[in-house]
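Undergrad: Here are the chains, one letter per residue:
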Amino acid sequence: MFENLSDRLTDVFNRLGSKGRLTESDVDAGLREVRLALLEADVNFKVVKDFVARVREQAIGEEVTKSLTPGQQVIKIVHDELVHLLGDANVPINESKNREQPTIVMLVGLQGAGKTTMAAKLALYMRKKGKTPLLVAADIYRPAAIKQLETLGKQLNIPVFSEGTDVSPPDIAEHALRQARINGNNFVIVDTAGRLQIDERLMGELQQVVERIGPTEIMLVVDAMIGQESVKVAEAFHAKVPLTGLIMTKIDGDARGGAALSMREVTGVPIKFLGTGEKTDAIEPFHPDRLAQRILGMGDVMTLIERAEQVYDKDEAKKMQKKMRKGTFDFEDFLGAMNSMRKLGPLQQILGMIPGIGKQLRQMKDLDEALDDREMKRIEAIIQSMTIKERRNPDLLKDPSRKRRISAGSGTRIEDVNALVKQFREMQRMMKRFGKGGQNPRDLMRMFK
Amino acid sequence: MFRRLFGGEERSEQEIKQEEKKIEQSVQKTKSGFFGRITAMFRSEDPITDELWDELEELLIAGDVGAENALKIVERVRERCEKKGLKFASEARSLLKSELVNRLDVDTPQYSERSTKPYVILVVGVNGVGKTTLIAKLSNRYKAMGKNVILAAADTFRAAAIDQLQHWADRVGVPVISQQPGADPGAVAYDATQATYNQQADVLIIDTAGRLQSKHNLMKELEKISNVVKKRWQYAPHEVLLVLDATTGQNGLIQARAFTQAAQVTHLALTKLDGTAKGGIAFAIVQEIERPIKYIGTGETINDLALFDGESFVNALFEEE
Ligand SMILES: Nc1nc2c(ncn2[C@@H]2O[C@H](COP(=O)(O)OP(=O)(O)OP(=O)(O)O)[C@@H](O)[C@H]2O)c(=O)[nH]1
Ligand SMILES: Nc1nc2c(ncn2[C@@H]2O[C@H](COP(=O)(O)OP(=O)(O)OP(=O)(O)O)[C@@H](O)[C@H]2O)c(=O)[nH]1
Ligand SMILES: [Mg+2]
Ligand SMILES: [Mg+2]
Chain A
69 MFENLSDRLT DVFNRLGSKG RLTESDVDAG LREVRLALLE ADVNFKVVKD FVARVREQAI
129 GEEVTKSLTP GQQVIKIVHD ELVHLLGDAN VPINESKNRE QPTIVMLVGL QGAGKTTMAA
189 KLALYMRKKG KTPLLVAADI YRPAAIKQLE TLGKQLNIPV FSEGTDVSPP DIAEHALRQA
249 RINGNNFVIV DTAGRLQIDE RLMGELQQVV ERIGPTEIML VVDAMIGQES VKVAEAFHAK
309 VPLTGLIMTK IDGDARGGAA LSMREVTGVP IKFLGTGEKT DAIEPFHPDR LAQRILGMGD
369 VMTLIERAEQ VYDKDEAKKM QKKMRKGTFD FEDFLGAMNS MRKLGPLQQI LGMIPGIGKQ
429 LRQMKDLDEA LDDREMKRIE AIIQSMTIKE RRNPDLLKDP SRKRRISAGS GTRIEDVNAL
489 VKQFREMQRM MKRFGKGGQN PRDLMRMFK
Chain B
139 MFRRLFGGEE RSEQEIKQEE KKIEQSVQKT KSGFFGRITA MFRSEDPITD ELWDELEELL
199 IAGDVGAENA LKIVERVRER CEKKGLKFAS EARSLLKSEL VNRLDVDTPQ YSERSTKPYV
259 ILVVGVNGVG KTTLIAKLSN RYKAMGKNVI LAAADTFRAA AIDQLQHWAD RVGVPVISQQ
319 PGADPGAVAY DATQATYNQQ ADVLIIDTAG RLQSKHNLMK ELEKISNVVK KRWQYAPHEV
379 LLVLDATTGQ NGLIQARAFT QAAQVTHLAL TKLDGTAKGG IAFAIVQEIE RPIKYIGTGE
439 TINDLALFDG ESFVNALFEE E
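Chains as they are written, first to last, in my numbering: chain A, 69 to 517; chain B, 139 to 459.
Not one of these hints is a red herring.
Okay, derived cross-link-like pairs now, BS3-like style, lysine-lysine, Cα gap no bigger than 30 Å in a straight line:
id : chain 1 : residue 1 : chain 2 : residue 2
1  : A       : Lys300    : B       : Lys210
2  : A       : Lys114    : B       : Lys210
3  : B       : Lys235    : A       : Lys300
4  : A       : Lys117    : B       : Lys235
5  : A       : Lys215    : B       : Lys362
6  : A       : Lys199    : A       : Lys347
7  : A       : Lys445    : B       : Lys362
8  : A       : Lys347    : B       : Lys362
Note that these hints are calculated values from the structure, not bench results.
Hey, can you work out the whole structure from these sequences and the hints?
TA: Next up, the structure:
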């Protein structure tokens, strides 16, 4: 996801931090790297310019406090500004206030962005929250678009409203709404055809649908791989239909998704969800603070906890959360978590959320090579070669002879064992810190020492 | 001519004048815009300034050329300008353009699609870039050339992917070899290989599921598909077409690397160039993997296909819509 960007920023500011006082030229050197990193992450160049200018102003004006190194201080400013740019807090999905009126969510965007897939994901997600969703097939243009939605609906056992390709999308939407009221569906999701923002006719059609059904939410679905055009796309859609949310898909790849920053900045509309895979359960609510932390290499402990809740039964989830908070989460728990989460899907996703782990894995292997089962098996092998005592008390692993035994037993290199133990300890510390509630930014910044 | 331009009905003298005025206004607006200024700067006989180079770099970045790559290109043109003693912005402009066009010009050995029979094309790329639609366009093209085309529905994963390909095939009038959703893509490729062999078809085009290059196992699957056709024809697939969405940013380069490694890409296709995106990442890609762009996609119908032309591509980079 954003890990490469975070590595880069961490690297820059580590260098900066070791130098002592924060001078104007220090700041500029750091910000040059920040600029490049953001551009490489596909943040729009105008947005980058503003961002860098704002950070510069704050960084140079700031007094250097005793408790932070200058580098840490710049990171704090970059971090805070990123959080701010991303929207400060999670904004939940809008729901209809009127009990008689279903919530209507409309998904719009460019061709191939992932709207249809996201429609199905949202339906499943809301059903888990106790809603009775209805999917509406209002893409009458793309070959087999209706069939695609119907197939997904059937898989999930969620009803799909369609009227073929001869009825106009505004009519379909209106008819669907009528049907929803009759059948008692309180959450209506309208899938629309992909369109270019410069296509006057199709943009006009979108406006008609909006006028006809008055959606509660109009969400622009964007591909995480999109480049500099994200700004034009978001602006144009926002000008035609009042957007209420942004969704970024395909974040499970290695695209850095900087467009999320750009689009949020130019529209002022919050990012609400992320699409994290091709399967229908690969959806996550978006958390600006978490993403900014992630950008800065902090991983995503909160998401991990939330996910864990879904896999474990409640009691077990509570136990795990408590352990995470108290920092007593040990290798045994980790192994258990790996097994349970395997049920949930791709390990990449899960490990990527754990601070340090994702990064460490990448260092162990070729950068471009994704996590696959082999690596997972390797971690498992290392942990399984530990005695129960060692798993419960990782401190024992300071003993080199124990490490040698584990490395031999698991068929891995001693460095692999070292790295895993080290990162695990960092993760434990992080979890403890998060657990203490109110994250002290100064503490977070210490991570970068 | 106006009737052709403006959609058929007769127009009064006045209406035509109004249209012309509107066009002029929009041209004017473009000229005063950010990119318009740069273009204008180049066109005029203004001298070359530092500011010009900065803005030029920005123009390339805005077109997704990439920050570091843009800097490199501009530096190089700048040096050449100085060496040649060029003074005017307009001269710098044509030098930059030719530099960019050169970068897209790679010459690699390829199989002749005229004399290779059957000519096997494997179409690959990340999710939603336009692979299946491109295949519809290609089958239409080959059919118009008088070739017998067979399509293989080897995307057995995405919901209704087979139906989508079948729909296009019916429209163009070419057969599709397919199995059930969820079937092994290699098995579909095998069936299609058999059919192509038995029917002595001229062209076999294999549609594959979109996959993110970071997913190791899915990338391996491409190798498998490729090996299936190789077993029948030693040099197949003769064309491995990597489809890139023109709106893609810097991730495009990572895509190109990974797909080239996993599936020996021979050509690129850039889709969705009818939008506002310029596809500037293509410069870095072509340079790195040394494979040419063969096609561009400019819309959602089977006729929206063109052979790639470096010069028009570069010109479009300098235009604001
Ligand atoms: N890896 C990954 N693939 C995704 C994700 N979301 C969608 N896709 C894939 O992206 C491709 C396009 O998705 P669709 O849902 O058909 O996109 P769309 O926006 O409805 O496309 P049009 O209707 O043609 O405009 C499909 O191959 C999906 O499986 C995601 O979060 N991760
Ligand atoms: N504007 C425009 N849209 C295009 C172009 N090519 C494809 N599309 C649209 O992009 C969307 C995705 O196209 P597909 O052909 O399904 O893409 P794909 O790569 O096969 O997608 P997956 O199989 O899901 O990975 C569809 O809505 C197409 O109509 C193009 O050149 N221009
Ligand atoms: Mg769709
Ligand atoms: Mg396809």
